[in-house]
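Take these sequences, add in the hints, and give me the full structure.
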Amino acid sequence: NAGVTQTPKFRVLKTGQSMTLLCAQDMNHEYMYWYRQDPGMGLRLIHYSVGEGTTAKGEVPDGYNVSRLKKQNFLLGLESAAPSQTSVYFCASSPLEGGGSYEQYFGPGTRLTVT
Amino acid sequence: AQRVTQPEKLLSVFKGAPVELKCNYSYSGSPELFWYVQYSRQRLQLLLRHISRESIKGFTADLNKGETSFHLKKPFAQEEDSAMYYCALLKSADGLTFGKGTHLIIQP
Numbered sequence: 001n002a003g004v005t006q007t008p009k010f011r012v013l014k015t016g017q018s019m020t021l022l023c024a025q026d027m028n029h030e031y032m033y034w035y036r037q038d039p040g041m042g043l044r045l046i047h048y049s050v051g052e053g054t055t056a057k058g059e060v061p062d063g064y065n066v067s068r069l070k071k072q073n074f075l076l077g078l079e080s081a082a083p084s085q086t087s088v089y090f091c092a093s094s095p096l097e098g099g100g101s102y103e104q105y106f107g108p109g110t111r112l113t114v115t
Numbered sequence: 116a117q118r119v120t121q122p123e124k125l126l127s128v129f130k131g132a133p134v135e136l137k138c139n140y141s142y143s144g145s146p147e148l149f150w151y152v153q154y155s156r157q158r159l160q161l162l163l164r165h166i167s168r169e170s171i172k173g174f175t176a177d178l179n180k181g182e183t184s185f186h187l188k189k190p191f192a193q194e195e196d197s198a199m200y201y202c203a204l205l206k207s208a209d210g211l212t213f214g215k216g217t218h219l220i221i222q223p
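Taken in order, these protein sequences are the chains called A and B.
The first sequence finishes on residue 115 if you use the numbering used here, and the numbering steps up by one all the way, no holes.
The second sequence finishes on residue 223 if you use the numbering used here, and the numbering steps up by one all the way, no holes.
By construction, these hints were calculated from the structure, which means they are not laboratory data.
C-beta: ideal position from N, C-alpha, C; glycine also.
Just to be clear, a hint being listed does not mean it is correct.
As the list claims (entries may be wrong) - Across the chosen pairs, the derived CB separations fall in these ranges:
#1 A82(A) / I220(B): 31 to 37 Å
#2 T183(B) / S18(A): 38 to 44 Å
#3 E135(B) / E103(A): 20 to 26 Å
#4 S141(B) / S18(A): 33 to 39 Å
#5 E169(B) / T15(A): 44 to 50 Å
Next up, the structure:
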């Protein structure tokens with residue numbers, strides 16, 4: 001099992017460009033999450049999904065959109081990138097049992113720089 | 116709103132010394148608390164869940180509802196414990212609320 005994978009690993013964007021980050025998990029987990037990690041800020045939840053076809057906003061959703069068309073994939077989109085979105089993005093997944101209170105499995109991260 | 120506070124950005128201790136990483140939380144409901152660890156160039160991984168009441172790699176953490184704390188402790192630090200440690204609180208399935216993290220450095 002690959003666990004949670006993220007594509008791409010690195011990306012540099014110019015202000016105003018758009019891109020999509022892909023998260024895939026092969027553990028048949030219901031819950032999936034997108035976080036961003038910034039120095040001195042820890043990890044903050046952007047959006048999450050409690051099942052295929054559902055999404056919800058987290059703590060810092062502005063400037064991002066998400067889609068969960070397939071259970072195994074969770075896409076994070078930036079429609080018009082801004083320098084404030086320079087960050088490391090982590091995807092995570094968690095099984096249904098326990099209402100999401102079981103371990104979250106994290107991907108390796110995507111380092112995004114917006115110039 | 117829930118909040119997790121880790122007061123120390125950096126904690127440096129000598130090998131063999133006791134370690135305590137502090138975590139305080141604010142949450143009106145019944146909290147589920149976790150410690151996650153990120154070793155250098157590795158992905159974030161679960162270290163402890165408070166409801167498991169287990170010891171992992173010699174680390175333990177006790178939930179103190181009176182003090183709203185969930186400090187992580189280890190009696191004898193090892194060099195391989197050097198890492199970033201994050202305390203996190205879960206509210207249902209809505210994702211984790213993380214503290215800002217403590218960088219633990221174990222000196223030889």
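We went through each hint and held it up to the structure:
Roughly 34 Å separates the CB atoms of A82(A) and I220(B), a value that falls within the hinted 31 to 37 Å. Here the CB-CB span from T183(B) to S18(A) is close to 42 Å, well matched to the stated 38 to 44 Å. Separated by about 23 Å at the C-beta atoms, E135(B) and E103(A) satisfy the suggested range of 20 to 26 Å. Between S141(B) and S18(A) the beta carbons are some 37 Å apart, a value that agrees with the proposed interval 33 to 39 Å.
Remark: the range hint 44 to 50 Å for E169(B) to T15(A) is upheld by a beta-carbon distance near 47 Å.
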